[in-house]
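Enquirer: Sequences are here, hints too, so could you generate the full structure?
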Amino acid sequence: MILIWLIAIPVAGGLAAWLLDKWAPGAPRWTALVAMLLNLLIGLRLLAPAEGPWLVAIDVPWIDAFGIRFHLAIDGLSAVLITLTNGLGMIAVACSWHEIDRRRGFFFFNLLWVLAGIIGVFSALDLFLFYFFWELMMVPMFFLIAIWGHENRIYAAVKFFLFTQIGGLLMLAAIIGLYIVHGRATGIYTFDYNALLGTAMAPPTAMWLMLGFLIAFAVKLPAFPVHSWLPDAHTEAPTAGSVILAGLLLKTGAYGLLRFVIPLFPEAARTFAPFGMLLAVIAILYGALLAFSQTDLKRLVAYTSISHMGFVMLAIFAWNELALQGAVIQIVCHGISTGALFIIVGMLQERLHTRDLRRMGGLWDQMPRMGGMALLFALASLGLPGLGNFVGEFLILIGVYPVHRTLTILAALGLVAASIYSLWIVQQAFHGRARETRHRLTDLTGREGTILGALVLAIVWLGLYPQPVFTLTRPVLDRMLQTARSAPATPLKITLAPAATARAAGPVEGDWHADR
Amino acid sequence: MQTADFTALTPLLLLAAAIAAVMLQIALKRSHILTIVLTLAGLIAAMLGVLAVGDMPARQVTPLVTMDRLAFFFIGLILTATAATALLGCRYWEHAVGQCEEYYLLLLVAALGACVLAAAHHFAAFFIGLEILSISLFTLMAFARRRMASVEAGLKYLVLAGISSAFLLFGIALIYADVGSLAFPIWTARLQAAGETVSPLLLIGMGMTVIGVGFKLALVPFHMWTADIYQGAPAPTTAFVATVSKSAMVALLLRLFAPVDFTAEPALFWTLAILAFASMIVGNILALRQDSVKRILAYSSIAHMGYLLVAFLSGGPAAIAATVFYITAYTITVLGAFGVVTVLSRTDADADSMSDFQGLFFSHPWLAGVFMAMLLSLAGIPLTAGFIGKFYAITAGAQGGIWWLIITLVLTSAASLFYYLRIVVAMFSPPLENKTQPPAAGISYSGGLVLTVMTVLLIWVGSAPGPLIDLIGRITQ
Amino acid sequence: MTLYSLLFYLLAIIILASTVMAVTRRNLVHAIIYLVVSFFGSAMLFYLLGAPFLAAIEVIIYAGAIMILFLFIVMMIDVDRHKERLFPIRQCLPAIIFGLVYAAVGLMVTFGHSGSKASMPIAVATPNAFGRFVFEHHWLAVEIVSLLLLVALIGALYLGRLKIEKSAAAGKETP
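Chains as they are written, first to last, in our numbering: chain W, 15 to 530; chain B, 71 to 547; chain D, 425 to 599.
In short, the hints are calculated from the structure, not lab data. Some hints could be false.
As the list claims (entries may be wrong) - Between beta-carbon pairs, the in silico distance windows are: (1) P291/B to F554/D: 33 to 41 Å; (2) T550/D to M294/B: 39 to 47 Å; (3) L495/D to P336/B: 46 to 54 Å.
Claimed, not checked - Quick look at which bits of chain B chain W covers, simulated, 3 or more residues with Cβ under 8 Å: (4) 461–473; (5) 535–541.
Small disclaimer: the values here were computed from a predicted structure and weren't measured. Ideal Cβ placement from N, Cα and C applies to all residues, glycine included.
Expert: Pasting the structure below:
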């Protein structure tokens, strides 16, 4: 029941916000805030450690003719991500408090529906239902960008929608293919995740179906060749939209890889893993390189997302426990730190009416508090120990090292690049001399301070004491590793480097790549 | 002639009675309201007739028609779509032409022709039904006599429909020469038995029949008429062409080709598969280049018939059900979409160019919402009937193993998003300056009713398709 | 070659030739006269095939009523203006291509499957038998066809009505 509430509250809150718009101009944002707060509080109850595989579940028939069920269930991984969603959702509502001045009701309607869709994606265990939520979160996001975005919003919104939709449709075809393969083999036609796990199929079939899923998630993540929608969408979206895009929507891609691609198609994924890791490393370096050459601050932050999510993809294809733990932490921390950076960019734009780094400079004098916040999150982004991102990236690199040494070293270069562009942001925007005469700028207001303060608390806490997240997600990851390992193993040839190096490092616990 | 014959024919008889009543009423005293009331009463009576006799065992009435559950389902669909068109026409025709009572009369006759097609069991019924439909349609298209585009559309349709009828007739003659009968079951049995060694007579006859069906369904390469006629014809007529004429033809497609096992008849399979492939590709590509909303919808209808053929060609047990579901979802969607176009139309011209829709969200948020829902349904986004239809089609196709058609479907429908989004984006763009906004009073109660019903159906079928799937499952057993 | 086939081919040649003449004439009246000849030929062909009723109908309705109406209409409008061809030359090419394809198909059909060729028995249907057959077995078709005629009538009436209001008439006159 609690799962229904988690989805129903944003849905109802969104409708209420839209309808209340006529009644009072301030009503929508309060409605939205209260709805998300309620959701956050309800969601916190999920964070207790699990007894069985699933913390809570609901499973009722939906469309009998196809064996489609309304099956929602949450394990530790979903619970962490849903809490992140609720938290960032509240932050997104709060940071649009004054920024949105047209059609507030419809704005908060879209915002809450995106969040409802994301929560649905994180909790759906029926593949049809998953696709349903997957598409459902796309349409309101399209409107958030297309109506409230910046100058080039239509182009960005259409590009975003087309990219994700092509991926989504391929995934739909793959889901149906899996459904039929499973139905033919067992006589039971179902979309249920647990039933479809371990479906036996011929390697070429598995490869094609896996690619269908993979493309959808890679577009979302975004992985290297299909990332080009992201800078546009992030740059043009309103602040809340960027926060949700970077903080949550990208995570659905990672979640999909983790939850579906590898457990459902372990063999095919194993064959693909070297290419996946190579693409991930390309994304890390390419994203960092392009971030460095941007002058638009928001675009810069957007490119850093590509780089950071590359780490997540690398970890997932490395498929061992350390790397996966790192990926989970990285997912959460990247959501928080990048979200915070986008909020800061939004605040700067509200005050300066520009995002151009070349027109900033010397802001520290007038806004020391904001400068401090920006510095902190820039440091988080470059992976300073003591902040959450460090834990994630460190674990990922340790986990990947035994699997592939060369790629690990290349990925570590990404961290060096990250420190360059992160400090570049602070230096260009806040230090030095003001390059334009400007009016008196107000420093962080109480509302803004609260928003950023909450994010600071979260990132510092995750950096110093990430254990609760490990406790929650460890059983889930263990089980996933078991599932994917229990499939008949074929020897893996890592074509990118001598296999001897990988073997010399010795198989670590839960190593999925080592020859057996 | 037995009582049971008449019982089975109840919906058609009631429809014919409504035609006579409306004709007499127009002859005695012209009154728009009265005509509408009589038309709707006739249609509702016929629908009740469908409900009353729809569950009876199939009965063949003369060699011509068989009233079975499939026929009753399609008749119900046709009657609903006709009623929606009539309601949409209310406000539209009030000012567009002086005396418009004949419109409803023609609508009813066209619906009857479509019903005959849906129940056809014999090439003669096929041809007669087709001709009734075509002849009423071209008058309906030219009905706005003041507009040259409307008259031109009617004339074009008359000529092209005539040519396609000639092909069909020649095909029927060839089939008769080979089979020696015009009844569908005998022809399908013959086709089935012939296997790969079909005689040239039968093959050419079959080809000509496909041309006749393909023309009405606007499959590439028989699609040339579609865009001009969708654009030129008055919006309610376009809605009628896009729904009633298509669903009747789909019913016929099922009767003609569904009993044939495609694996035993590769020539037929490949003919239809190539038509489907070409329709998906050409329809979507041409739609990308349009600036007129009605033309976009025209080309999108070509593509959608291609998708429908994918479902149909899968050949498994799910094929018929998927096809019926698809055309039902499509009918709901298109009625809604053209409903919005009709409601927004002015007395001198239809709402057609992108600028007519620009800023619609700000001037008429509800209309924009409805139109958006319809466009998303056409694009196949979840929570709409169109999505379930597409899902059903892909599932059926995957079960039939026609992956190349499925991949085409997936990729082309992803491309189709581009032009649907263009309309959506236009609706959400700031309104144009000094543009004559359609008067708010233009949304009549009748138009609003149709749009509400279609939107509710769209969401209902999109979120809980169980009942409809079950119903179709029972029909297609 | 029996007398029967001789007649058949003779009639076929007449029909073909007169139709070609009808299509190629520059003078509308001449074209119609040739068409009448073609219809008479078809009527005789029907008679030859054992359908006297159909033959009579062909003469009365097509050669009689419809062609005479055409003739009247042509006479009422100014014929002298139409000195150009009925069909421009550039339309001939596709027409010829279509015709050749048609001929090829016809030849293929005729000679393609000689194995299963069995000429149908000549059935003679008297008007009486024909009427009984139609009204006993195909009464529904008769009823539906009556609606076809009705809708054609209504459509023609509506579109042909001179003016419903002034603006309508004005709109129609502008080419």
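Enquirer: Could you run down the list of hints and mark each one as holding or not?
Expert: Tested hints:
1. For the pair P291/B and F554/D, the beta carbons lie near 40 Å from each other, so the given range of 33 to 41 Å is met.
2. Distance hint for T550/D and M294/B: a CB-CB separation of about 45 Å, consistent with the stated range 39 to 47 Å.
3. Taken as a hint, the range 46 to 54 Å holds for the pair L495/D and P336/B, whose Cβ atoms sit roughly 52 Å apart.
4. Interface restraint, the region 461–473 of chain B with chain W: holds (5 residues with C-beta to C-beta distance below 8 Å; minimum three).
5. For the region 535–541 of chain B, the assignment as covered by chain W holds, since 4 residues bring a beta-carbon within under 8 Å of that chain's beta-carbons and 3 suffice.
When the structure is compared with the earlier hints, no violation turns up for any of them.
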